[in-house]
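Keeping their order, the protein sequence lines are chains D and L.
Counted from 1, the first sequence has number 104 at position 104 by this note's numbering; the numbering is strictly sequential.
Counting the second sequence from 1 gives a position; this note's numbering is that position plus 303.
Hints listed in this document are in silico derivations from the structure and should not be mistaken for laboratory results.
Do not take every clue at face value.
[Said to hold, decoys possible] With the C-beta cut set under 8 Å, the calculated list includes, among others, these residues of chain D facing chain L:
(1) V40
(2) Q47
(3) V86
Backbone N, C-alpha and C fix where the C-beta goes; we use that ideal spot for every residue, glycine too.
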Amino acid sequence: MDYATALGELAAANDRVVVLTAENRVPVRGLPERLGARFVDVGIAEQTLVGMSAGLALRGRIPVAHALAAFLTMRAFEFIRTDVGVAGLAVKLVGSVPGILSTANGPTHQALEDVALMRGIPGLKVFCPADAGDLVLGLGPILADPAPWYIRYVDRPATVHHSMFDVGRAETLRRGTDVGLLVAGALFPEAHDAAVRLATQGVSARLVNLRTIKPIDEECIVTTAETTRLVVTVEDHFRTGGLYSIVAEILARRRLRAPVAPICLEDRWFRPAPLDQVLENEHLGGSHIASRVIAALERKDVH
Amino acid sequence: MTPAELDGLRDLALRVREHVLRMTSGGGCFVGASLSCADLIVFLYTRFLRISPERRTHPGRDYLLLSKGHDVPALYATCAELGFFDLERLGNHLGAQDDFYWHPNRRIPGVEFHSGSLGHLLAVGAGLAYEARLSGDPSRVVVVLGDGELDEGSVWEALLVARARQLGNLVLVVDRNGVQANLRTEELTPLEPLAGKFMAFGCAVRDVDGHDFTALDAVFRDAPFADDAPSVVIARTVRGKGLPSLEDRVDRWFCAFTPAEVEELVRELHGRASADLLSAPVAVR
Chain D
1 MDYATALGEL AAANDRVVVL TAENRVPVRG LPERLGARFV DVGIAEQTLV GMSAGLALRG
61 RIPVAHALAA FLTMRAFEFI RTDVGVAGLA VKLVGSVPGI LSTANGPTHQ ALEDVALMRG
121 IPGLKVFCPA DAGDLVLGLG PILADPAPWY IRYVDRPATV HHSMFDVGRA ETLRRGTDVG
181 LLVAGALFPE AHDAAVRLAT QGVSARLVNL RTIKPIDEEC IVTTAETTRL VVTVEDHFRT
241 GGLYSIVAEI LARRRLRAPV APICLEDRWF RPAPLDQVLE NEHLGGSHIA SRVIAALERK
301 DVH
Chain L
304 MTPAELDGLR DLALRVREHV LRMTSGGGCF VGASLSCADL IVFLYTRFLR ISPERRTHPG
364 RDYLLLSKGH DVPALYATCA ELGFFDLERL GNHLGAQDDF YWHPNRRIPG VEFHSGSLGH
424 LLAVGAGLAY EARLSGDPSR VVVVLGDGEL DEGSVWEALL VARARQLGNL VLVVDRNGVQ
484 ANLRTEELTP LEPLAGKFMA FGCAVRDVDG HDFTALDAVF RDAPFADDAP SVVIARTVRG
544 KGLPSLEDRV DRWFCAFTPA EVEELVRELH GRASADLLSA PVAVR
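Working from the sequences, and respecting the hints, build out all of it.
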């Protein structure tokens, strides 16, 4: 089932759900006809999208608001922080084409700091689905949760069978002791591919799909750090404020020592291109990740 | 409006102004803006809005959102006078034991939503208005905006959307006191012709003296003015209204007065009021 169908079914079962978009129609195809007045397209107006969602939530609705991730989380940031965050309203913010999924759009559309921004808002939770299947599994529980949420929308088809979704629970798809791959978001298929490649080279990889990174499955991260020689964080996000930062924060707070290598977008925008070329250019494909893991394992400080 | 009702409104507004003045000591408040919209807030709560302490969570109630949040002392004082919470609590302004600070806090009964950052609550109000229509509730949503606040693009963005969605249950009230924080609006970023701007956005617009209860009554008797478009009331007001020593001064935005100065201002306030005011109780509609 695709996202729009799943959202349409959830909305059909619960008339509190209202679907909004800032003229971002791709994820909500078919919903205008299905939902009638419970579908609102505000036009290219992200601030109003968020403000109206707050007003709808104040009167008991569950607004699910769609816009491109860069404009939703940055143009409308203060509206999210102040109207949704301060009030703790049950608004679900869905950011389209985040991270590498903006492909050839260019730096204006590259949301590579959205996770850092959203998780910095008190009480606002963040879901980074691995793929379209994971997204659909998480949608129901997130709409049922009374908190505000940011959902990093991903439309890449699932390459694995995902288990049942629980807020704050990671999904461990492979077990291994040489490296622990902690993955948040759309690079999951590449990380999975890397784990398979590593196995053929005699490197056993633990593969974790973190799913919600706020709240995050802290015990799973600690277990990964304690049972593998090297932790590798994989995310299509700047190194600052995303998964790598979160893992570092947890290890520091728990006074744990572990080598952690980030695979992410370093401190720069990526070269705009179709997705397969972005993966190639940024060394984020499965084979790149596998060789980067092997190189990191060979460093002296990994024991 | 009967003469007794008019006197009751004036008397209530006078008490609200006195409360505002008392909030200027012990840390201060945005007194100028609070005094410019005091008559508007008093009028709306007593003559237009279908809200009361008993109905304050009723889904069919009307809403008032204070988008220019720094004038909240006028709202707090009005809500206290009308019984949304005990009058004594106004003495807790800025105190650690209570929830009053310089901008609206929705933990205070009568405050529908917090504000402080300008240009937010028209969008929130549009959401409330849309939802009320969706639920079939008769709620009308009044959003009080400052004229300086109209510099924020988000106001006009939200207005475009409100017009497109034909939100006839949304009413904007502009506190047109002509002064933003420290400068006159027309000397910084001119807003005029303001009515023309709102008309160009497809709104139904009225202009009124924001301190004349009879004129306000005549305008709001017909509000909202359209079924399929937001209404706008441009209320011409005077910053610091009611206190000759504060009126229409760009340097009287935020003030922290000493208790002795406050007493002097209170005397000034009552000296200007006509002596024959009746302390008639004002019914909340």
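Outcome of the hint check:
At about 7 Å, the closest approach between the beta carbon of V40/D and any beta carbon in chain L falls short of 8 Å, and the interface hint on this residue holds. About 5 Å separates the beta-carbon of Q47/D from the nearest beta-carbon of chain L, less than 8 Å, and the hint is met. This hint holds: V86/D has a C-beta 6 Å from the nearest C-beta of chain L, less than the 8 Å allowed.
Violated hints: none; the structure is consistent with every hint.
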